[in-house]
Amino acid sequence: MSGAAVRAVLARRALQAAGVAVLVSVLCFLVVRRLPGDAAYRIAAGRYGYDLVDAEAAEAVSTELGLDRPAWQQLGSWLLDLVQLDLGRSLVTSRPVLEEVGYYLLGTLQLAAVALVLAVVLGAAAGVLAARRPGGLVDRVTTTYVASVRAVPPFLLGLLLVLVLSAQLGLLPAVGHGDARSIVLPALTLGLGLSGLVARVTRDAVVEVQRSEHVQFARTKGLPERWVLLRHVVRNAAVVLVPYLGVQAVVLVEGVVVVESLFSWQGLGHALVHAVFWRDVPVLQATALVLALLVVAVNTLVDLAVLWLDPRPRRSEVLT
Amino acid sequence: MLRSSRPLLAASAAAALLTLAACGGSGAGSSAPADTLRIAGPFEVHSLDPTADGEVFTRLQVSETLVTADLQGELVPGLATSWSTSEDGRTWRFELVEGATFHDGTPLDAEAAVGALERVAAVEASPLSGAPIRALRAEGSTVVVELDEPHPVLPALLTHYSAAVLAPASYDESGQVAEVIGTGPYRVADVELPASVETERFAGYRGEAPEVERVTFQAVGRAEQRALLASSGQADVVFGLEPAGQQRVESSDVADLASSLQPRTIRLKVDAEHPVLGDVRVRRALSLALDREAMAEAVLREGDLAATQLLPPSLEAWQADVEPLVHDQQAAAALLDEAGWVTGPDGTRVRDGEPLSLTLLTYPDRAELPALATAIQAALAEVGVDLEVEVTNSSEVPAGQADGSLEMALIAKHFALVSDPLVDVATVFDPAGSDWGVMGWSDPAVTAAVDDLLAGATGAAAQQARETVARTAQQELPLIPVAWYRMNAAVNDRVEGFTMDPLETTWRLTDLRWGA
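Residue numbers (the UniProt record's numbering), protein chains in the order written: chain A, 1 to 320; chain B, 1 to 516.
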């Protein structure tokens with residue numbers, strides 16, 4: 001891949017990131033304002049617990065945070081702080097937003113990464129095996145597997161895994177965060193669900209690539225089957241699979257809410273739900289911002305990976 | 001050739017890692033470190049500040065209050081060994097215990113206690129901020145509280161977790177609590193907000209050292225998971241089980257259920273100035289339409305929790321000799337007829353062309369509330385009342401009251417947030433209305449009775465006053481009682497000596513022993 005192509009990708013994505021940041025911030029702000037209910041009461045409930053929320057507490061919160069200022073002033077000060085990379089403090093916990101969101105982001109990235117690795121290992125292996133003989137036994141078993149892991153919702157799958165691996169066999173802790181073993185069950189829940197799709201996409205991509213002329217040629221020239229698979233089939237199938245995984249990674253990061261809450265895993269989904277519930281606007285804006293930027297970052301990585309993987313010559317090189 | 005093997009390498013490395021992770025886990029899920037007590041509960045810890053989420057730290061016996069309460073709700077010494085009030089009731093003196101040190105080694109003195117309490121009193125949401133405090137000062141080893149007017153419930157206010165005394169070093173330069181440095185038998189070893197707190201025995205504690213050396217608290221949001229933790233022995237004490245989870249624990253052989261009636265009543269808060277609900281006959285009809293026993297049996301799995309009056313039986317002094325609330329659909333229908341609401345063509349009652357439609361707010365923080373709300377909806381439909389149920393954030397209740405949009409709310413509110421129920425009763429029956437109490441309702445006899453009690457009435461006069469409150473509430477129904485509340489926990493068999501504190505002042509970890 002050429003330096004110019006990489007620079008073009010990076011420049012395009014950086015521009016996109018800046019636009020997304022402003023758009024997401026403003027949208028978040030507007031959406032929160034449109035939500036029913038009084039923000040000061042919500043924030044007070046988040047801070048003090050609902051046994052202690054009353055009109056005075058809400059009033060005090062409103063005065064302290066300047067919630068009675070006009071909307072444009074509140075939005076303006078957020079955007080101004082954003083430019084200076086100051087995300088402010090949480091309205092509920094009073095802790096710096098950066099610290100809080102960073103903590104949750106780390107949790108989600110860990111979970112998503114392990115889940116993705118699991119999904120790729122299980123899914124791609126099953127897909128490649130199934131593609132060796134389309135319509136064969138392995139292919140049919142894989143199809144059943146794909147259908148069943150897709151049919152079970154993550155919530156149920158998670159509970160089933162807990163019941164079997166934790167409650168019955170006592171192999172893994174059912175909930176928790178921090179201890180290395182506690183990531184296995186939530187990651188497995190997400191990974192298993194995703195592996196079905198990965199298997200399906202891999203299988204179809206591999207089947208298609210195998211039928212292509214260049215693979216036929218590689219076989220004809222006498223390359224051992226193993227090298228045909230690795231050098232020609234897997235690499236070309238990866239060009240299809242990687243962008244697909246990119247999309248899945250984004251879905252994974254945003255879709256972990258259920259799994260995070262089931263396993264008490266501290267992640268962004270968790271933070272987002274709480275921020276909406278308590279009208280913690282700075283945390284909500286920062287969380288949404290981080291999620292949006294994550295989408296841009298993942299897309300950038302996918303672009304670069306495809307650039308590196310795709311064996312077909314780049315357009316500029318063809319022309320020159 | 002090298003390049004093409006990279007994906008394979010990565011894949012095999014990942015597979016190896018995962019295998020490692022899985023092997024590392026073998027057999028460790030249910031075996032626990034012998035000296036660590038593992039507690040799980042639904043409540044997350046959002047803040048270290050006692051006025052915000054302090055209850056976890058007082059329950060874990062990290063921080064302590066000047067006065068505390070025993071299992072019966074009677075005031076007992078905490079950091080103060082004794083307290084007294086001046087003749088005119090405007091000056092209170094709290095004598096601090098000798099030899100108490102904070103977890104950072106500094107001694108607990110009156111200055112530190114005054115400093116901590118001044119911060120608490122400045123927070124609107126804390127019960128202490130409601131006291132008419134003029135000044136707090138330190139006099140030797142005594143904390144002196146000067147009031148603008150007598151306030152006999154002051155010691156009870158000091159039992160609340162928000163009034164926990166933290167060391168001066170707990171606060172950062174902006175006045176935020178950066179670290180919980182208390183005086184209790186346990187000190188904080190590690191906190192990971194919002195889900196986990198770890199504590200260890202504090203060697204410098206003034207009293208007897210507890211047997212349990214280390215304690216972990218883990219917030220677990222989902223009730224199913226909590227039940228699994230309890231029944232698989234992955235936690236020693238698990239709070240907040242739903243009925244299905246309770247059955248799971250009961251049928252398991254590793255844990256037992258402990259429970260206690262809480263001074264909390266699930267009740268309907270109604271707008272007594274509402275064009276429909278302002279009519280006491282309608283309120284009585286709504287009450288008569290409720291089959292409380294069936295609802296308690298179906299939702300709370302315990303028919304005995306059906307409320308027969310507002311103040312729960314655990315508050316013995318407040319039990320009045322009143323006609324218990326009953327279920328009588330025909331009487332309900334008759335009362336509605338009398339109030340002018342006649343059955344319309346679709347079964348819903350109408351008056352002057354207006355249907356009898358009401359909106360009920362409730363919140364999901366307590367899992368049984370939405371279920372009870374739908375049961376209430378069904379019961380009222382049978383007498384021709386159309387009820388719309390809205391499940392929302394709990395803060396919508398006070399917010400709706402403030403802007404006048406609230407018609408009815410199903411709430412579960414404590415009567416002994418501080419150890420003396422009088423503080424909450426006075427708030428609930430505040431003639432100006434209260435966020436978690438009456439709305440648009442007052443009664444001169446009740447107001448006078450509460451004022452007498454607040455002014456320090458004792459003996460027969462106090463009993464008389466309490467009866468007046470309970471009796472009037474039963475007749476007028478500004479709040480319609482639905483059910484009482486039982487709090488439960490699953491306790492692992494390896495733990496002995498667990499008692500459930502109905503006021504949840506502490507979890508009494510110092511009483512726990514390891515079983516054989």
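Any given hint could turn out to be false.
Chain B side only, calculated, beta carbon under 7 Å to chain A, not exhaustive [as the list claims (entries may be wrong)]:
1. Pro42
2. Gly204
3. Gly207
4. Leu228
5. Ser232
6. Gln234
7. Gln330
8. Pro398
9. Gly404
Because the hints were derived from the structure by calculation, they are not lab data.
Ideal Cβ positions, reconstructed from N, Cα and C, are used throughout, including at glycine.
Results for each hint:
A hinted interface residue such as B:Pro42 counts as satisfied when its beta carbon comes closer than 7 Å to some beta carbon of chain A; here the least separation is about 10 Å, so the hint is violated. With its C-beta approaching chain A no nearer than about 28 Å, B:Gly204 sits outside the 7 Å limit, and its interface hint is violated. Hint status for B:Gly207: violated, given a least beta-carbon distance of 29 Å to chain A, over 7 Å. Hint status for B:Leu228 relative to chain A: holds, with the closest Cβ pair at about 5 Å, below 7 Å.
Below 7 Å, beta-carbon pairs count as interface contacts, and B:Ser232 has one with chain A at about 4 Å; its hint therefore holds. Here the hint on B:Gln234 is kept, as its CB sits about 6 Å from the closest CB of chain A, short of 7 Å. Interface restraint check for B:Gln330: the shortest CB-CB distance to chain A comes to about 38 Å, outside 7 Å, so the restraint is violated. Below 7 Å, beta-carbon pairs count as interface contacts, and B:Pro398 has one with chain A at about 6 Å; its hint therefore holds.
Residue-level restraint check for B:Gly404 is violated (minimum Cβ-Cβ distance to chain A is 12 Å; threshold 7 Å).
In this structure, the earlier hints numbered 1, 2, 3, 7 and 9 are contradicted, and the remaining ones agree with it.
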